[in-house]
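Asker: Sequence:
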Amino acid sequence: MPLHRLRCHAGLTPHAADPVSEKPVATADTPASSSEASSPKRQRKGPLSFLSGSLTSFGFGWLALQLAQRIVGYYAEHPPNYEVRFAQSIAVFMKTLIVGMSFLATFTFAFVGLGLFLTFVRSLLPGWSEAEQSP
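Taking this note's numbering, the leading residue of the sequence shown gets 9, the next gets one more, and so forth.
Hints in this document: simulated from the structure, not taken from any laboratory. Please read all numbers here as calculations on a predicted model, not as lab measurements. Since no wrong hints were added, every one of them can be taken at face value.
Estimated spans, in silico, between C-beta atoms of each pair:
#1 Leu132 to Ala95: 52 to 58 Å
#2 Gln77 to Gly123: 20 to 26 Å
#3 Gln96 to Arg130: 49 to 55 Å
#4 Met109 to Pro87: 17 to 23 Å
#5 Lys49 to Val80: 45 to 51 Å
#6 Gln77 to Leu126: 24 to 30 Å
For every residue, glycine included, the Cβ atom is placed at its ideal position computed from N, Cα and C.
Whenever a hint applies, use it, and build me the whole structure from the sequences.
Answerer: Spelled out as structure tokens, the structure:
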């Protein structure tokens with residue numbers, strides 16, 4: 009397949025003979041298509057969605073914390089011990105990386121869970137729906 013046809017199919021350059029690459033563009037002079045104007049607005053998330061997301065994220069955070077504690081326990085019982093300094097340095101680096109990533113996952117899930125829980129509480133307060141609709 010010639011290079012210009014590949015670019016056309018990848019959407020990089022328009023091709024006059026390819027009807028797929030020709031997309032109508034709405035400008036200030038031409039109105040948007042009627043299907044876009046008549047499409048219903050997307051539903052806003054409700055308090056129940058925030059609460060379920062918060063509980064899910066806290067659950068994953070708890071699992072990540074359990075994993076992090078087991079990793080720390082494993083490395084406490086089996087410290088890396090190599091006679092070559094370079095190998096010892098790499099082993100300590102890998103241990104630090106693995107332990108750090110496990111606690112980072114714990115923090116991330118807990119922080120997202122806390123944010124969703126605060127959003128859940130905020131969504132229960134009066135005037136929340138009006139505040140969401142204003143820019």
